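Trainee: Residue strings, one per chain:
Protein chains: 4
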Amino acid sequence: MTVSAFDHPILGALIGDAEAAKCFSLEADWTAMLAFESALAEAEAALGLVPAEAARRIVETCRDFAPDRRRLAEGVARDGVVAPALVALLREAVGEPHAAFVHRTATSQDVIDTSLTIRLKSVCALMESRLVALVETLSRLAARDGAVPLMARTRMQRALPITAADKLRAWREPLERALARLAELKPRLLVVQFGGPVGARGDLEGKGDAVTEELARRLGLSAAPCWHVERDRLGEFAAWLSLVAGSLGKLGQDVALMAQNEIGEVRLAGGGGSSAMAHKSNPVSAEILVALARFSAGQLGTLHQALVHENERSGAAWTLEWLTLPPMVAATASALRHAATICEGLRFVEPGAAGPEAGR
Amino acid sequence: MTVSAFDHPILGALIGDAEAAKCFSLEADWTAMLAFESALAEAEAALGLVPAEAARRIVETCRDFAPDRRRLAEGVARDGVVAPALVALLREAVGEPHAAFVHRTATSQDVIDTSLTIRLKSVCALMESRLVALVETLSRLAARDGAVPLMARTRMQRALPITAADKLRAWREPLERALARLAELKPRLLVVQFGGPVGARGDLEGKGDAVTEELARRLGLSAAPCWHVERDRLGEFAAWLSLVAGSLGKLGQDVALMAQNEIGEVRLAGGGGSSAMAHKSNPVSAEILVALARFSAGQLGTLHQALVHENERSGAAWTLEWLTLPPMVAATASALRHAATICEGLRFVEPGAAGPEAGR
Amino acid sequence: MTVSAFDHPILGALIGDAEAAKCFSLEADWTAMLAFESALAEAEAALGLVPAEAARRIVETCRDFAPDRRRLAEGVARDGVVAPALVALLREAVGEPHAAFVHRTATSQDVIDTSLTIRLKSVCALMESRLVALVETLSRLAARDGAVPLMARTRMQRALPITAADKLRAWREPLERALARLAELKPRLLVVQFGGPVGARGDLEGKGDAVTEELARRLGLSAAPCWHVERDRLGEFAAWLSLVAGSLGKLGQDVALMAQNEIGEVRLAGGGGSSAMAHKSNPVSAEILVALARFSAGQLGTLHQALVHENERSGAAWTLEWLTLPPMVAATASALRHAATICEGLRFVEPGAAGPEAGR
Amino acid sequence: MTVSAFDHPILGALIGDAEAAKCFSLEADWTAMLAFESALAEAEAALGLVPAEAARRIVETCRDFAPDRRRLAEGVARDGVVAPALVALLREAVGEPHAAFVHRTATSQDVIDTSLTIRLKSVCALMESRLVALVETLSRLAARDGAVPLMARTRMQRALPITAADKLRAWREPLERALARLAELKPRLLVVQFGGPVGARGDLEGKGDAVTEELARRLGLSAAPCWHVERDRLGEFAAWLSLVAGSLGKLGQDVALMAQNEIGEVRLAGGGGSSAMAHKSNPVSAEILVALARFSAGQLGTLHQALVHENERSGAAWTLEWLTLPPMVAATASALRHAATICEGLRFVEPGAAGPEAGR
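Residue numbers (the working numbering), protein chains in the order written: chain D, 36 to 395; chain F, 36 to 395; chain A, 36 to 395; chain B, 36 to 395.
Check the hints yourself; a few may be wrong.
Because identical chains cannot be distinguished in the list, a pair is counted as satisfied if it fits within a single copy or across any two copies.
[What the hints assert, rightly or not] List of simulated lysine-lysine pairs, DSSO-like, C-alpha gap at most 30 Å: (1) K242 <-> K315; (2) K57 <-> K156; (3) K156 <-> K221; (4) K221 <-> K242; (5) K221 <-> K57; (6) K242 <-> K156.
Since the hints were made in silico from the structure, they are not lab data. A quick note: this is a predicted structure, and the numbers were derived from the prediction, not measured.
Bound-form chain D, shown alone (with noise of 0.2 Å):
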């Protein structure tokens, strides 16, 4: 099933990103969500709540489980979320007497929204590294191109010479201003998930509190009170995606303008092929970028509907951020990269100087 173009076996090469999509794998998932059951473990034997043999057991056995895919997709199918048959299948594997330690206390949603916030914690390794890198290359072009005369265009009409540093500047300050905002909302977002059923921390003794510090301190992740049902969190972290790819998709629809015959302001390198015109070169990463821009703002519209999270936990809006999320992420970081590619390869050429077919 390739449903997605992110996935698509072929189409994947063009629009999707490698990188990213590995955050989303079904192995990423196991060994995050394993990863809690573990920290889960660890975190309430050492408030006394399970026996340290137990949680010895447990770290043990989620270390190489791998669980039966069949059994997962009937019980997703069946419960709507995959952690009742993970856990079934985790506490068999664990055996007696330990089993009842697996998830002691825990709900489908500490596990699987933590196991979403752990990869998540890439996902923003991952983007800052390629806007840090993005944003270097962009001083580089500028350091070596930013002098060369542009016509500045308004409304799509030449308007006043520019150079090309002026727009290099409106390219990397937005992205300059997103790694400003990255910095500032990671500590909103890589914050564990732990509630139990209702959110409440119930049935820990008293020790709801002290079982989350542990346990986000084991997942390299920040403590907070249980916020399974405040998905501001989520929202913000998806405006800020859609602000990254729209920012790029300003570069792109920039590239593809200015290399337009006719202007030739830029050249780029590679450049696609056509099926029918030998001659043709392409904007392809270019205009991709704008696809991808346009299309992470329409999911960020559908993503916040699910800021309507009714009552303490609505299957509704969850699954609604399971399907718009993973595409956004994977939708900006592919934005990144073909960003990267195309301020890789890009002149900016002097009017004139663009040789005999400038202006054809």
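For this one, chain D is given, so just place chains F, A and B on it according to the hints.
Mentor: Below, chains F, A and B without anything else, positioned relative to chain D:
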């Protein structure tokens, strides 16, 4: 890579739809693209534009051609579309002296859009048969439970008594209209795309329209002037998908509300378990319907951005369709599947007949 | 208050549309609501459910009834709908002994949805006449300029020569399909809403359907079972609006691209000035078309969220329609107006014929 | 014209917000635009770029300048922006020999974006004060009703007992984070726009940045390089608005669900009447919150399309912002108002304490 929940090996069992996904598999796409290349060669041969022998060789080669995936992926990453690489591979396979007659006067968009259309024909058939079956299920439900008294609720408050028949009618009628709309739009949707590099059907000795007629006939599609930049055909179908998903979302929301413990106006077969609360029976399919409706609405708003398809081919707008239309098809197919599951297992319950747990 | 650009005393001249806006004026709404109350009284009188004298008194009172705005505003702020206050005021004005026959067995949604439908009938007529005129303008343009050679551009790069006729065909055909679709959907859209409190047409001595027929006939609408929770009728029309706006957005984007100084394939009449650059002539209407297309797509994605209309009346979903549908109508009407302005003043220009400024 | 419900003379009382709307009145816009022209003249005079006398004359003229609305409307319809006509009128009013110093080296976008920013400063203050008040109201509610037992409901089914304090915490925390985010984003949002025709601050004898500093200081805004094409500043704020509206949508949805007759976990003050059913009390404000949340999410997805702001000024993208941002501000302001109304009149009710009507 499983960025999309529709493609996820586990979640896909819940959210996805195997039959719809088949239409978007690599194999289905290849098969349809090769059907196009075959039919084109035959159509052009019928009109004396391609030697009969070349056409035979092309048809034969297409029959069990398995293109090299790696080269296709490289091609799509370079060209932004799969067609140039596919055509090159097919020409290699056909060999001299016939290679040049492969894809003759066609362009990437011809083969890609027509492949999509061929598969959307299957999608329409799938949707239609599920809709018809669901309408029948709802009619049977009305025949059996229609007289059960319910409380109408307006603005989330008890209003006045109605019957299950009233509720079922409100679920059924939009689906009947959906069937009527589908019949109306199919002649606009299931149209072969054939225009050559810039849509003008050039280089065909004035036989462009005749080739199109022949091509369409062979592919079981309608003929029309080239529509490569007229994306309202797809935009209309996407709106249809969202209307169906939205109407089923209403059904799902109603079921989830009626299934609340204190209200208990329906009983559901199945119902999902909880990893923490054994006593629960969650209306999973009903929630999924709500999620898919909201997802579909959001995708529609995104896909309609692609109506702004600039010039004679927009890489940006076209890519945006690829990102949004297949998930929309999967969502609506999945919604029809979940609605069938719900309705087949649904029982309307008289107030007071819900047993000792009612009103808890 | 001028929160919306469509209502802005200055911006409205650019973005809004006076004729479309008239359909959403308070006066138009009142007039339509009073037409409903009048026709309902007559219809019920015709079927012996309301005394003839009461009906006469109601019709007479409605004729020049001007409700107290302040009380309506208070009412809507309290009740969430205008109808209870309007009915109360109308009953006061009708006076005893007939007051009780005002709005007999009807509910708020009946009068409000029917008022909308009455006005959408005018909207459809407006859209249709503008579409027909625009199709004619495009045909005239093709007759005059069709032979002018243009360069086709695919993926933002020069491809092969076409003619203005090719471009014009691509603009015209989606509008012709829009007319066909409008003819198909009108019977589904222009349907009276009548159902009483919970949609069941109760308290009418079994004459509910007959009343509906009479009511519809008097209002120039079709009759059908009550559709109060079946919002696909409106969702379909909204999709139609977005398809039209999107198709015109493509026209606008093409014009803005062809009007670029270096390309100069079209000349526009008018063109906006700049506060800083006297030499500029901006393709304002073309840009507005793009903006309205993107706006309409986004609103459609929002309005389709309202298809999830829970139970027998959803204040939330209904309000969401009120927030999105009128701006969608205004946007598409405005787009049709701008497209007419562009096309009436457009000249396709042969390469090299653009005069000394060409290619600057 | 009252296309938008926010501007509607009757519906506006329900859906709109008078204080927010004030920021988007024609008068507020003029006032802010004239403040810009005044401050610019002063700033340029302070740096010796404009004669002191000219600056005095400009400041004086701006003080009670009332531009001719008809000419502004004609101007905006022609130019796509109001600024050229406004500047022409202001120059007329200033008269010779100072007229030429009006708007010196500035461009339309400088005055229009800065006017928006000046008004967004008021919007931020309004939002902040309402958020602070709402957080306090929720804290007071928790102090009074926090111990009331409620039933947690997950996936629309009864789960386990919680207390009102749990529910209130889930409503309050996202608002506290919204306040933290607002403090972070304000320095990025409240920045003067000044760049001249193409953003490069030319023709200012190298004093462009100094003028910007002076200008910003006089307007109470921050200075920064010209951001005319970097729309992430607005996109970030729009996302903030949608996060707030979405969080309040959750509150509204929870209230509407808890207020269901059979559940009765809250009692609301007020509650809207029905035109047909006197016994009803509708949770109108709660439903409006849901509608505004869904509306805001949709607008956000639309506004982020405007991040793709091509070249040095996009009439299309800019217009799209004008169409979406003011309604978003109004929606969030209205949501804060409705949430305050709900929370001030809300009482959590112990099960069994709801009186004889409970569980009906």
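Trainee: Does each hint fit the structure? Answer for all of them.
Mentor: Consistency of the hints with the structure:
| no. | hint | result |
| --- | --- | --- |
| 1 | K242 <-> K315 | between (67 Å within a copy, 26 Å between copies) |
| 2 | K57 <-> K156 | within (13 Å within a copy, 34 Å between copies) |
| 3 | K156 <-> K221 | both (8 Å within a copy, 26 Å between copies) |
| 4 | K221 <-> K242 | within (26 Å within a copy, 39 Å between copies) |
| 5 | K221 <-> K57 | within (20 Å within a copy, 36 Å between copies) |
| 6 | K242 <-> K156 | within (26 Å within a copy, 44 Å between copies) |
No hint from the list above goes unmet by this structure.
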